[in-house]
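With the hints as constraints, model all of the structure from the sequences given.
FYI, the working numbering numbers position 234 of the sequence shown as 275, with every residue one higher than the one before it.
Keep in mind that the hints are not guaranteed to be accurate.
Claimed, not checked - Cut-off 30 Å, straight-line C-alpha distance, at most; resulting in silico cross-link-like pairs (DSSO-like, lysine-lysine):
| hint | residue 1 | residue 2 |
| --- | --- | --- |
| 1 | Lys344 | Lys684 |
| 2 | Lys385 | Lys344 |
| 3 | Lys684 | Lys385 |
Worth flagging that the hints you see were computed from the coordinates, not collected in a lab.
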Amino acid sequence: MGAKVPLPLLLRSAVVLSALLSFACTSDVDGGAYASSGPGSDGSQAAGSDGSSNGSDAGSTGSGSGSGSGSGTGDGTGSGSGGSSSGSGSSSSGSTSGGGGGPVDLTPTFSCNETEVPDSVPLKRLSYVQYRNTLEDLIGAVLPQSRDVALDELEPVIDRLPRDTRKGPDTAFAWFSRLDQTVQQSHVDEQYALSNAVAAALTSSEERLVELVGECAVEASDAECLGDFIRRFGEYAQRRPLADEDVEFYAQGALEEPYGAADYADVAALLLASPYVMYAVEHGADGNDEPRAPLSAYELASKLSYQFWQTMPDEELFEAARSGDLLTEAGFAAQVERVVDDPKAERGIAEFFGQWLENPFLEDFDRRAGEDVYEAFLDGFDASPELKARMLQEVVDASIYGIREGQTFAEFFQSNRSFAVTDDLASIYGVEPWTEGDPPVFGDAEREGLLARAAFLATGLSDTRPIIKGVLIRKAILCEAVDPPPAEVANEPPPVSDGSVSTREAVEGKTATAVCRSCHVRLNDLGFVTENFDALGRFRTEQRLFDEDGNAQGTVPVDTTAVPQVEADDLSEVTGIAGLNTAILASEKPYACFARQYFRFSNSRVENTVRDGCALATLKDTLTGSGSLRDALRAIALTRSFKEHTF
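This is how it looks when you write it as C-alpha cells:
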C-alpha cells in the first residue's frame, strides 16, 4: 500500500473520527441511559454469594450532570450526558419503587400515545460481532472468489478488535452487548489499522485487483474506472449511495493516472476508515426537520439487517433500497418477512436469548473437582469444563426452535423438549442426544419448561441455590427489583446443607429473622419449587446428605410446596415447577419483561415507558394475544419508532 494519501485528506478523516469519538463517549447511551434502570430503577447489582443483590439503589450516573435514582416510582429519572435522557415517574408506566420491605405489586402496563416522541437516539456503534460480520460479508461481496483466503490472512488483525462489555440496568442479569456504546481510542485505532490491512489484502495481487475493481484496473485505469470503484465499493462498505462530492473526496486518495494497486488500496482504506463503517449513521430522509423523521431507504435496509442478521444488508436489501421499494408499505413488509425467515436471523435470536436468559451464577463444573463432598455428590458423573457452555447453549437452541416452529411465549416457556446434543447433558434429562427431527421429550414427567432446564437448575456446587433461583426469576423473567442485603450479610456464603438438614431447611433457618424474611419471602419460595432437581439438574425425590468429608449421612425428602407470589397479593400455594409456570404465565409480568428486554436489545438503550410506550405495548400485546415469538420479533420492525429517527 502506497504512502501517497495527501496530508489534508488524512487530517480531515482524523478530525471526523476524533469528533465522532468525542461525541460517542459522551452520548446518553454511554452514560445516563443506564441511570433509568427499568422496572424498579434501582440500578442495583445481583451479586453476593447468597444470591442477594449487593449494589446500591442509585442508578449509574451519566457523563453529564444528570444522574439516576431508583427510590421513586416509575422508571426513575435517568439523565446523563447533560441530562438529555429522562425516565418517567408515573405509576401508570408499570414500574415501581426500587424494592422496599416486602412484596410490591409490579403489574406492568404500557400505553401508546403517538404524540410522545422517543428520546433522541445517539450515534450507535456497531458491536464487535456486527463489525466482524460486516467485514466478512463485505469481503465476500467484493472478492467472492478470494474471500476465504483473504479472511484467513486478515484474522490476526480482525481479532484485535475491542470486545464489547455486557451492560444493562442490572449488573448481573439480562446484560446485552449491544448496550455497550462506549467508544475508546482503541476502537478508532483498530478501525484504522484494520482498514489499511483489508485494503492491502483486497489489492495484494493482480487477480484480486481485477476481482475488486474490474478489468479497467489493469487496462485503462483512469478517473472513470476509479469513480466507478468508489461508488460501488463505497455503497457496500458505507451502506449508502455516495454523492458526487463523496466520490471527489475519496478520489483524492489516488495520486495520478494511470492508477495502480497502491492507489486503489489507499482509496479503499479511506472508505473503510469512515465513521459510516463503524457507526449506524442515521440522518433521516432529506427535507425533514421535525423531531421525528422517516429513515431513508438505505438507513432502513441497514437497520433491518443489523437488527436480525448482525451484519450489513445483502444484495436484495440493497436493491430494495436503490429502487425505493423498501419505502413502500408492501415492499418493507415483504423484506421484514424475508429477513426474519432467513437462517442468518438465528444470529440475532441466539444473541438476544442467550444474553437475556444467561444464568450468571452457574459455576464451571470442574472448579470444585477433587473436593470430597462435590465428588460424592457427582456420584461418578463426568462434570467436564464444557458442560456449563452446553447447558447455556441448550437454552439458546430451545429459543431458536421455538421461533422457527411458531411457538407462543407460553409454549416456549412450558416446552418439555430436550435440546441436549451431547451425552452428558442428555443423561441429566434422561433422554438420548438430539440429532435431527423432533427433539425428545424430557424423561422426567415433573420436568416442564424453561426454568426446569439445567442452565437454571445447576449450580456447579454440591448444593442447590434456592435464593439465587428466586433472584434470577424476579429480575430476569419478571423484571422486578430486588433489594440489596444488609451490609453485614452481603458477602456471607450461601446457606447449604451441613449433612444434617436439607438445603431448604438450611435456607429457611438462615433467613427466618424478620429483617431477612421481609425480602426473602419474595425469593425463597420461587427456588423451593425446584428442589426436586439437584445441583446438576438431575431429577430427585430425596436429597442425599453428606458430611464435610463426603461421607453419606442418609437422605431427606424434598419439599417443593411453596407460595411463589408472582403477584404480590396472590398467596396461592403451588407444588412443583408446573404450578410455578402456570402462576408466572397467568401474570402480565413475563410478557412485559420480554418487551422491555427485547426493546433494550433492539435499540441499544434502556426504555422510557412513556416515550417508548407504543413500541413496548406492541411487543407485549403481541405476546399476550395469539402472536408467536416470531411475531414479537417481527413486530419491533413494524413499529413507527423503528422506521424513524428522532432528533
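Evaluated hints:
1. A threshold of 30 Å between alpha carbons decides the hint, and for Lys344 with Lys684 the separation of about 9 Å falls inside it, so the pair holds.
2. A C-alpha spacing of about 15 Å is found between Lys385 and Lys344, which places the hinted pair at or below 30 Å, so the restraint holds.
3. With a CA separation close to 21 Å, the supplied pair Lys684 and Lys385 stays within the 30 Å bound.
No hint from the list above goes unmet by this structure.
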